[in-house]
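K.L.:
For the sequence shown, the residue numbers in my numbering are 108 to 573.
Worth double-checking, as some hints may not be accurate.
Quick list of simulated restraints, FRET-style, between CB atoms [as the list claims (entries may be wrong)]: (1) Ala205 - Ala288: 32 to 42 Å; (2) Gly496 - Ala567: 17 to 27 Å; (3) Ala524 - His163: 49 to 59 Å; (4) Thr191 - Asp170: 45 to 55 Å; (5) Pro148 - Ala500: 51 to 61 Å; (6) Thr273 - Trp538: 20 to 30 Å; (7) Thr273 - Phe376: 17 to 27 Å; (8) Arg552 - Leu518: 38 to 48 Å; (9) Leu554 - Thr191: 19 to 29 Å; (10) Ala169 - Ala524: 56 to 66 Å; (11) Ser456 - Ala288: 35 to 45 Å.
It is worth saying that the hints were derived from the structure and are not from the lab.
No residue lacks a Cβ here, since even glycine has one placed at the ideal position from N, Cα and C.
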Amino acid sequence: MSAGFKQRADAALADPILKIAIERTASTAETKRGVAVAAFPDFAGARKRAAAIKDHVIADLADYLEMFEANAVAAGAKVHWAETSEEACRIVIDICKAGGARTVARSKSMLGEEIGLPHALAEAGIERIETDLAEHIIQLANDPPSHIVWPAMHKTREQVAELFRTHHREPQVDDSIAALAESARHELRSGMLGADVGISGANFLIADSGQICTVTNEGNAELSLVPPRVHIVTAGIEKIVPSMPHAIHMLRMLARSATGAALTQYTTFYAGPRRPGDTDGPEEMHIVLVDNGRSKMRTDGLAEMLRCIRCGACMNHCVVFRQIGGHAYGGTYPGPMGAVLTPALDGLSANRDLAHACTMNGRCQEVCPVEIPLPTLLRGWREKSWREGLEPATTRFGLGIWAWVAARPRLYRFGTAMAVRVLALVGRRRWIRSLPLAGGWTKYRDLPAPSGRSFMGQYAARKHGK
């Protein structure tokens, strides 16, 4: 693995407060999802239908995008196309400048993080007001999101209270959840309502009506939509669904998988700017449809990854993520889905290590609401990294020796028998505390010593009743 990932993972493993913060949220999410899924009739069948909906759209993506554009324009919106993240940011900044914007109210959007929009706004001299509480927290801390649903998952309540005391104009002395929420409200509300431009993402784009669907737990998307004069939607091209019934099905899967709810608290559908007779809404609406590598994923064997609806279930159930958190992954998207997406978006050479940050236990695939075969896709990245010679020479040499030995059954059986006996002696107190060339395995854990028999030896003994 590259030094960057190892250093970040080491730092995370050495931080006991981080582990507590991650486990508290992830375990709660896991429990709530389990309850919600158990109460949902034929959830397995619903997963298959959700996967089929996404596969159908991905196969005919161009047609559905054109349908969405035509209907969105008919509703009064202006549709822009961005092939790259740089182009997407330029379009957004140009719209803001054309409207004379000095402040923008931004709803949480992982696509915005992916394309580097916060940095682009800062470089353009435009003040960014985060309407999502967790995004506000990490903005104060100058941190990137550590989870796609709970961006401030890595922060404890005490750490948040300290941030508010340092940065808020009228901080609350009390560090209770209610007091912290009230402090954020006082700090943000006037800025939200007075912003010149609102920027949001989209959970789904409905092709046959040109509608946009957003879901939030705080109602913050609506605060970026209704008060500002201009509203900008940034959305990946894979967010398309054919119709409202398809969107409703996906929403049911998303809410249960993300937070264990039947439906997210604030679920909004809208199309176009304010019409004559409307009492609120933006005067202008712009929709920026972003490719940024998605078309290439569609043809490079990663089309199944475009099913992703950003629920976060894979990371909530991932044993690696729950040990090291999101920042260790080094990209916009953490966890299993990030380990697949980041090499596709940012290149394999700098991110080859992510495919190895996985035990291949398959839990991520089991809980994915759209049945993405994440372990298979991660194996694909491992294979490509090997073919392109990106793995370290020591790894290639070691695996080459193993392959040579494994191809010779007698030598393999002799070698494994000897290794098992040696390890049993090393771990005669039932635990192995350190091993040569295996510091990555024993640095943070003691390994149980083997029984003294290889797997085949144990199998043969059981078969013959010994």
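K.L.:
Hint by hint, which ones does the structure fall short of?
P.N.:
2, 4, 6, 7, 8 and 9
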